[in-house]
Amino acid sequence: MSTIVAVVLLLAVVAYAVFGGADFGAGFWDLTAGGADRGAYPRETIEQSIGPVWEANHVWLIFIFVVLWTSFPEAYASITLTLFVPLAIAALGIVLRGASFAFRKAVITLRYRRAFGAAFAASSVLVPYCFGAIAGGIASGRVPAGGEAGDPVASWINPSSIHAGILAVAAVAYLASVYLVWDARRLGDMAMVNYFRRRAIIAAAVVGVIGVIGTFVLRADAPYLYNGLTSRALPPVIISTLCGVGALVLLIRNAHRGARLIAVVAVAIAMLAWGDAQWPYILPESLTFSAAAAPSGTLGAVLVVVVLAGLIVVPGFILLYTLHQKGLLPEEGVDDEPAIDSERPNKARAKQI
Amino acid sequence: MSATLSTLTTILQVNPVPWARAQMAFTLGFHIILVPLGVSWTFMTLIANYRGIRHNDRDALTLAQRWSKYMAVTFAVGAVTGTVLTFEFGLLWPRFMGQWGEAFGVPFGFEGLFFFTEGIFIAIYIFGWRRLKPWAHFWTGVPIVIAGIFGAISVVSANAWMNAPAGFTLDSNGNVVQVIPVQVIFNASMPWQAAHMVIAAYLVGGFLIASVYATAMLRGRRDRYHYLGFLIPFTVGAIMTPIQLGIGDGLARWVYANQPVKFAAIELVPTTSSDVPETLLGHLNADGTVTGGLPIPGLASWLSDPSTGKATVVQGLDTVPPDQRPTIRETNIVHLAWDIMVGFGTLLFLLAVWYALSWIFRRRMPQTKWFLRAAVVAGPAAVITLEAGWVVTEVGRQPWIVYNLMRVEEAVTANPGVWIMFIAVVILYALLGTTTILVLRTMSRRFRRARSFTDLDTPYGPSLLAEGASTRAEEPVG
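If you're matching them up, the sequences are chains A and B in order. Here the working numbering is used: the first sequence runs in plain steps of one and ends on residue 337. Here the working numbering is used: the second sequence runs in plain steps of one and ends on residue 488.
Note that these hints are calculated values from the structure, not bench results. Hints are all accurate, no fakes.
Only some residues are given here: those of chain B computed to face chain A with a beta carbon under 7 Å:
id : residue
1  : Val94
2  : Phe97
3  : Leu101
4  : Gly108
5  : Gly111
6  : Gly115
7  : Val116
8  : Thr127
9  : Gly129
10 : Ala133
11 : Ala424
12 : Asn425
13 : Leu438
14 : Thr445
15 : Val449
Derived, one-sided and incomplete: chain B residues facing chain A with beta-carbon distance under 8 Å:
id : residue
16 : Thr96
17 : Phe118
18 : Phe125
19 : Phe131
20 : Arg141
21 : Thr423
In this text the structure is predicted, and so the values were computed from the model without any measurement. Ideal placement from N, C-alpha and C gives every residue a C-beta, glycine not left out.
Using the sequences provided together with the hints, build the complete structure.
Laid out in structure tokens, this is it:
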């Protein structure tokens, strides 16, 4: 049963990376969009794109924590004891990010918007870096078992962590740009389509380069993971790479819909490859998933939650995304475009009121 | 260089226990103010929304829409401060989570489910005003209400488990080897505590929102819009007060029977005795005597078990060794917090009685300025009551993090740098709190300047705009 829960945990991490990660990535493009005048246009697209869904995306993280501490409490204790600093920074970054995004939409004055926007964007980069560094620390076997604290500094300032941190920032920026291309197209904004398409192509190339560098870093610094990635987890690594290249080709050829899908698949499979390579360890070479697992009663409860989530949350999530994609959840901000729906028949609605 | 390093090491060698406790208390105390808004505001918004659609009431509709926009801000702040708590369980109390996570953590699995649902539907509700059909939009708000209630119950269930740990088996080394999730979730303290918190959420949320509109009415904005904005939340809060007194009484009796040491701290009972007075204020001294305050003879005994009346024996603090009960200082904190909670709660109840009597005999809310002034104070007072109640249950449990099973200092992180995070958190939260209030005020001013719907704000499509915008103020009630 611990295997099933481990898979659930990995899938939750993938979901957070793919959905929540794109939100962080949007923050990266917000940060690099330039001054208030030049950057206003892309920022608007970014806000339109992530507005309604960011809070729901955020909950994946909480889900990861909950699964971790209920199902693998020993590993959770070790991780939080060892990686105190990056986790604390990530926590504060999340406060700064979520709050300033909400605040930014609520205020009009440029000065305040700028301040909140900067806080939002900076923390959007900081948080994925920290999560990447945490993942790097865990994957390179720097977190000891037994609820013990490892090195409080070297556990997250080391080649694997730095590499994974940068990779995380690049990957979420890549995902976000691919999404933004699609969203800009949905809004019929060709200027922004080209704007984000250029960035998506650059980001794809950057992620590729970082990935190649990663093979050297991991070989020297995280041998267990490296061996896994080059043997058992080699097929997913190859598939992920092919998807990444495919997405790049589709982006260049202006096939955004396919690019978006394949880009997500590439990132998701890369994450799965990580999990596969690390298996059977939750903390490589010191603690396996099955040894860290909670009693079966707890694991059963977690699986019940997962099933209920499938029945309640997934349909809700699909509903939210569908409504959002159909443009039925327009921005409620202050600098909104005048009602776009004037051509839509409203008589039926009026009658109901 | 080495001198700097050693100085740095000395700075870092700070006992983490008080800092971890302070940080947990501070962040929870901050988050708990947002909880009532998250749990109950949607319900009140839906009342206004329902009225707006059903009776074609433009004021109610405006109110519902604006509330949902405020909610977007408070919900976001609540979500991030709640996420911080999730981090803190591990960052501050890793040994607690490592030892008990498999049991304590279970309710959070369900909480996650409800929070997810809440997050999804609040997004749909907030952003769905213009493009969804009115009733469809109304119904997207209902899951938020349900998820809010059950989410609160789940979190409180975990807290109740710390007071009444159940549903697990330990091996000879004290490790959890078997967990029965149902018993964890439905632990003995859970029904009382959960009911107390959910009712508190509606009570505090109601009075807090009403106090804003009471302020506006005192400043002369006595139009129908503000009247509705007062009436809906205040009525909700007022209805909750008698219910809360009953549940609070039941919970206190549960504590009397199951956490006698906490109860002794609450009632300031140094030694086991009958005919225990209910001491209002007053404090416990280091030598075990109680001085000051106003003792009401026999009342604590009588309240603990009315069937035996004044003869009811109340267990004293000295029945357990000093290291297994709250310290003198903690005892005094618990007792004072208790007095504040009960005192303020009673005053809020009396205010509700005033309101109810006016409705019964005059068919309208009290018209005097004094009532509105009291209603203004009632908002912050309700928040203080909530905080005080939380202090009673948390400090009263000391020195245990898991009642009679794990002490707080056994649970804490070994990380000596907690104080740095604490300072960072205090600064960040101070900014966060101030900004939240400023942003809400800015929004309110902007709404007031707009006076009615603008092009951008029209709920349910622009066709209503033409007939609604200009006549909103004097439009008849539907």
